[in-house]
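If you want the building blocks of each chain, they are given just below.
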Amino acid sequence: MKKNHFGRALCLTVFLVAAMAFPAWGGEVIKIGVIGPMQFTQGEGHWNGATLAAEEINAKGGVQVGDKKLPIVLIKVDSNEFVSLPDATNAVELATSRYKVNFLVGGFRTEAVFVMQDVAMDNKTIFIGCGAAHPKLCGRVKADYDRYKYWFRVTPINSRYLVKVDFILLGMVAKIMATELKIPKLKVAIVAEKAVWCDPIVGIAQKNLPKMGMEVVGVWRPSPVATDVTAELSAIQSSGAHIIFTSFSSSVGITFAKQWGELKIPAAAVGINVEAQKDGFWAATGGKGNYTLTINTYARVKITDKTIDFFDTYRKKFKEAPNYTAGTYDAVMILADAITKAGSLDPDKLVPVIEKTDRTGAPGRMVFDQTHDITWGPGYVTGVGTQWQNGKNMCVWPLNWNTITYEGAVPYQLPPWVVSHYKK
Amino acid sequence: MIQNIIINGLINGSIYALLAIGFSLVFGVARIVNIAHTAFYMLAAYFIYVGCHHLGMSPYVAMPLSIILVGLLGVLSYKLFINPIREHEAAVLIATIALAMVIQEALLISFGGHYLGVPPLVSGYATIVGVKVTYQHLLAFGVAVLALIGTWTLLMKTRLGLALRATAQDREVANLMGMNEARVAMLTMGISVMLAGLGGAIVVPLFVLDPHMWMHPLIMMLAIVVLGGLGSIKGSFVGAYILAFAEVLVVFLLPMGAYLKGSVALSIMILVLLIRPEGLFGVAFEEER
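As given, the protein sequences belong to chains A and B, one line each in that order. Counting with our numbering, you get residues 13 to 436 for the letters of the first sequence. Counting with our numbering, you get residues 49 to 337 for the letters of the second sequence.
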């Protein structure tokens, strides 16, 4: 009997060791770690975009690697980067060491992505960034190619280009206000959450707006998580601003839009408001965020032949519009194409293939520059400007910009209370 | 600008006062440092969201229901987590931190990190001496003032209030005089948490809901009660307005440093404590005790 017990215990041990040693998916697969703050919208976007791509690829039998087809297995890696940077480091270590992922896609906060990038590079794991906009992330590729060549970024366009689009949108609204409301010299209030990424935008705006013929009446820097900005809005109204140039990536974007609409502050809000990119913005502001204009990545317009299909499929499956972190869809597609072309999962063989990517993706034509950053500009990825118009987030830019108009784009609308205030 | 500062300061101060007074009450009466106070405030806000968005309730029904539900949860938490360790004040403090974290994580799992909102009970705004104020802010101000008056009346004009004050003055003597001190503490916890719930109910249409929304008011509330004198209701009331006005002044006088409004308010607290370590009304409170 004793011997029997020993035998059972031995069998059980062997079984457990085997189960731990060979992950549940078994067989030969392509493991892609999707890393992001999974409890938050940004992480959900990462996961949803990658899921859509993996399902599409696996439905066709997987990725062609040489003479065999391998399925994609996605591994959800919660970086918890909003709450804790050390968690993000642990998460990427877990992905590379424990799960031994072949590739990584995702990342959101620049501070966290710098660390993730280093861990991925240590392991020679190709990492396609889909969230952090800081130019330095790609600058590292140029500075130390051998080490950082495994890093690419597909979304968003880097912050230099974000600023460019930001000013294009501001210029568009300024032109409309000057023409329609006959305001000879426009006054602009700059409202930017107190975060590092906003500092250069504020500096550039203070310097450039006077050159654009506008007067800066003040700069307000609320906390990114401020729960009440009525005092700021009262001060802005007192300053006589016609336009509020916004830079928000956090919850203050909702608070601001909600109270701006409720108080009917007679100034058009334009700029970056990440929360306004999401479907939930309308409900979160109780509809008071109507007429908010923000930079965006996706809109239900024909940026390319794939945009509307992607947008509709995503919305049907996940019951919301894609936010920019859903760029993991194109990241996974780019990886799959490169693997097929290289016929290998070897990162050193894949890097030169990915560098030559020229893909018509949902946000535009995707080509990497020499820093492995996505190329911005007419004919490539431009980003879009979207404005909430009666419950719908409509694309209002590009519309006759550099000969580009995305089919489905509509004209920008000034908030009616702004029009009535200045047409008195 | 002065009228902007006065109006915004009064409104924000009343909301802070509502939170701080509930916290002060339970500390003054039962010596419970309830760090989970603002987590209950958050919970009430989420209950209202669920009632309105998922159960199709009118906000007028969801709000009182949420306040009652949160009050009951407060009493339950007291029975389960606080009462068994009440004699150890540091343990209570740590237990309530844990409770707050549990509530935060439960909301994070249930709702994710999405920012949510509830529409205002009354839309639109009024212009008071040239300053635009939303009706919802005015409503919040009115309800906060009424709740503060109600709390004062309860404490000063009712037998329960007498028991609460007696217990606050001397628990042992109150016990010897036939008052069930444990029951008084439990009732105080219920009332205190209901005040937090009321705070949550009146600000939910103004603020954005997220599972970390309890942190900022917690810091402000602690600053207010320390500034006013721990356990002093009068002190909390005055402290709330001082810090609210300090915040508004920063926004108007130092727009580039608007994000500093919380830090400036906390610095004022430190300055006052350097001069009066017991807080503004600490001595008066000791006399009351």
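Calculated from the structure, these hints are not laboratory results. Just so we're clear, the structure is a prediction, and the values are computed from it rather than from any experiment. Among the hints, a few may not be true.
Stated by the list, open to error - Straight-line alpha carbon distances no greater than 27 Å define the calculated BS3-like cross-link-like pairs of lysine-lysine that follow:
no., chain 1, residue 1, chain 2, residue 2
1, B, Lys-180, A, Lys-206
2, B, Lys-282, A, Lys-199
3, B, Lys-180, A, Lys-435
Hints, verified against the model:
1. Our distance criterion of 27 Å between C-alpha atoms is met by B:Lys-180 and A:Lys-206, whose separation comes to about 25 Å.
2. Proximity of B:Lys-282 to A:Lys-199 is assessed by CA-CA distance (about 45 Å); at most 27 Å being required, the pair is judged violated.
3. Proposed proximity of B:Lys-180 and A:Lys-435 is supported: the alpha carbons are some 20 Å apart, at most 27 Å.
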